[in-house]
Amino acid sequence: MQDVAAPELTETFRTLTAGLGMQLPGHVQLRPPAHTAVAMALSGLKPAAALCQWTCRSCRTPPTQSFRQSVGRAAPSSSSSRPFSAASALGSDVHTQAIQAAPEIDFRALDLSKNSPYKRPARIIPVSPSYFTTTPVFNDHVLQLEHLLRSFGSMPVVRAEEAPQMPWMSLEQARTAMGENIGAAKFAQVLGMLRRLNMIHPSYKSEKVTRFIELFRRPGAKPADPRRPVFIDHFGRSTGVGRRKSAAAKAVLVEGTGEVLVNGKSVVDAFPRLHDRESALWALKVSRRLDKYNAFILTNGGGTTGQAESVTLAVAKALLVQEPALKSVLRKAGCLTRVLKRVERKKAGRVKARKRPAWVKR
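Last residue of the sequence shown: number 580 in the working numbering, and the count goes up by one each step with no gaps.
Honestly, I wouldn't trust all of these hints.
[Stated by the list, open to error] Here are the simulated distance ranges between beta carbons:
no.	residue 1	residue 2	range
1	Leu433	Ile342	22 to 32 angstroms
2	Phe453	Leu558	27 to 37 angstroms
3	Val547	His452	25 to 35 angstroms
[Stated by the list, open to error] List time: in silico DSS-like cross-link candidates among lysine-lysine, alpha-carbon distance up to 27 angstroms:
no.	residue 1	residue 2
4	Lys404	Lys426
5	Lys545	Lys510
6	Lys463	Lys550
7	Lys440	Lys423
8	Lys503	Lys550
Please keep in mind that the hints were generated in silico from the structure rather than gathered at the bench.
All C-beta atoms in this analysis are idealised placements derived from N, C-alpha and C, irrespective of residue type, glycine included.
All chains should be modelled from the sequences, with the hints used to inform the complete structure.
What follows is the structure, given as structure tokens:
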């Protein structure tokens, strides 16, 4: 290790301590043990300083004196300590640059036309609010249907039997047409709302409502024919048709004295049971018209009970043509309600539809 004079080591040590924020008194001199320690430290710093090439971070200008020269050079002999200065260590040619903020954006001067890049959205916006649902097409129809109900729900309506007949599409047909797995309960609710729109009086029904209802028409179904008008012919006769199970009846009423013929026979011969006779003439009896009309009835199919109840519906419809004011009376009496019961079929392994064979133990 190269020997360094004690005064030079003392001055160098004083410079280093001043750079670290410490002041070494002027009368302090390094003793031989401290002299040896500082000399060993300097000998280790010089090779490291030679490898340290650095640049000022503020001005990007290399310093005039390298760290190696400032550390290895002996400071001028002065008994007073000098404060550490970055300008003196880096040189006098230090360049500084003021930080300037970006100018403000004038949004009024931007081009916000349709084809401008500032007008385009940053990401694609779905056209429908139901895009992220499992059934977007069906949900769009539901939203539109609810809007139509809010707009036209207060319009005058007609009775359900007087509303235009509409063959609605089935659930499977709706799933195929929309390509979505529609729930059965939700589709039933939609059909209920569609029937409510279909009951709006034709004079007040909007074209928008009609077009929307046509979307749910059964594919391939022809427009329903208007109901045939009922009238009284030039002989004063009115006609009615009724059905019950597999029996059917056709009744013709004309003003008379109360004569009733069933298949060319009297009502007593056609229906021997009293209950069946009362069922056949119940519409005339409840309206007190037994002695005011003559009834000519043709019936076939089924049994006596089925034929008698089919005659009830046929006579009630024919009487309603003669006197429309009796509709409420006949409806309350149950004469205008068609019974949709059917004969239950026989099952295999049973005697009849439900009767089982007698069980034998042995």
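Against the structure, the hints come out as follows:
Range check, Leu433 to Ile342: Cβ separation about 28 angstroms, and the 22 to 32 angstroms hint holds. About 34 angstroms separates the C-beta atoms of Phe453 and Leu558, a value consistent with the hinted range of 27 to 37 angstroms. Restraint check, Val547 to His452: a C-beta distance of roughly 28 angstroms satisfies the suggested window 25 to 35 angstroms. For a cut-off of 27 angstroms, the pair hint linking Lys404 to Lys426 stands: about 23 angstroms separates their Cα positions.
For the hint linking Lys545 to Lys510, the alpha-carbon distance of about 17 angstroms falls within 27 angstroms, and the restraint holds. For the hint linking Lys463 to Lys550, the alpha-carbon distance of about 22 angstroms falls within 27 angstroms, and the restraint holds. Proximity of Lys440 to Lys423 is assessed by CA-CA distance (about 21 angstroms); at most 27 angstroms being required, the pair is judged to hold. A hinted pair counts as satisfied when its Cα atoms are at most 27 angstroms apart, and Lys503 with Lys550 qualifies at roughly 13 angstroms.
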